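**Student:** Sequence:
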Amino acid sequence: MNEKIKSKETDLLIEAMTHLQTKDDYYNFFEDLLTAAEFKTLAGRLNAAKLLHEGKTYIEVTAATGVSAATISRISRCLLYGADGYNTVLRKMKSTEKSEADKK
22 MNEKIKSKET DLLIEAMTHL QTKDDYYNFF EDLLTAAEFK TLAGRLNAAK LLHEGKTYIE
82 VTAATGVSAA TISRISRCLL YGADGYNTVL RKMKSTEKSE ADKK
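With this note's numbering applied, the sequence shown covers 22 to 125.
If you are wondering where the hints come from, they were derived from the structure by calculation, not from laboratory data.
Straight-line Cα separation of at most 30 Å, DSS-like style, residue types lysine-lysine; simulated pairs:
1) K61 - K27
2) K44 - K27
3) K119 - K77
4) K44 - K119
5) K71 - K115
Beta-carbon label-pair distances, calculated as ranges:
6) E81 - A104: 24 to 32 Å
7) S120 - L67: 14 to 22 Å
8) L63 - A84: 13 to 21 Å
9) Y48 - Y102: 30 to 38 Å
10) S89 - H40: 29 to 37 Å
Keep in mind that this is a model prediction, so the values were computed, not measured. Glycine included, every Cβ here is placed at the ideal spot set by N, Cα and C.
All chains should be built: construct the whole structure from the sequences, respecting the hints.
**Tutor:** Structure below.
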């Protein structure tokens with residue numbers, strides 16, 4: 022964990038998120054917390070990470086998301102050498118998708 026971002030305030034944010042249960046809860050929380058542009062930026066970064074994780078090229082990711090090459094480069098570094106946040110979320114999402122597909 023990056024000690025540069027850990028604080029009472031960031032702990033409060035993480036704690037708050039653990040109490041959200043539904044997509045609507047998350048949408049409502051983020052709508053209050055972030056501007057629409059900030060929310061879309063975060064969503065775009067996650068989508069870019071997903072596409073990179075799937076093996077897409079920077080050019081393909083830029084075309085699909087509109088995320089800048091500099092940001093895509095940063096996301097790629099995080100996927101390879103970061104705190105494993107993107108990878109953890111993407112693995113869990115893929116596992117959930119597989120479980121749901123298996124139920125059908």
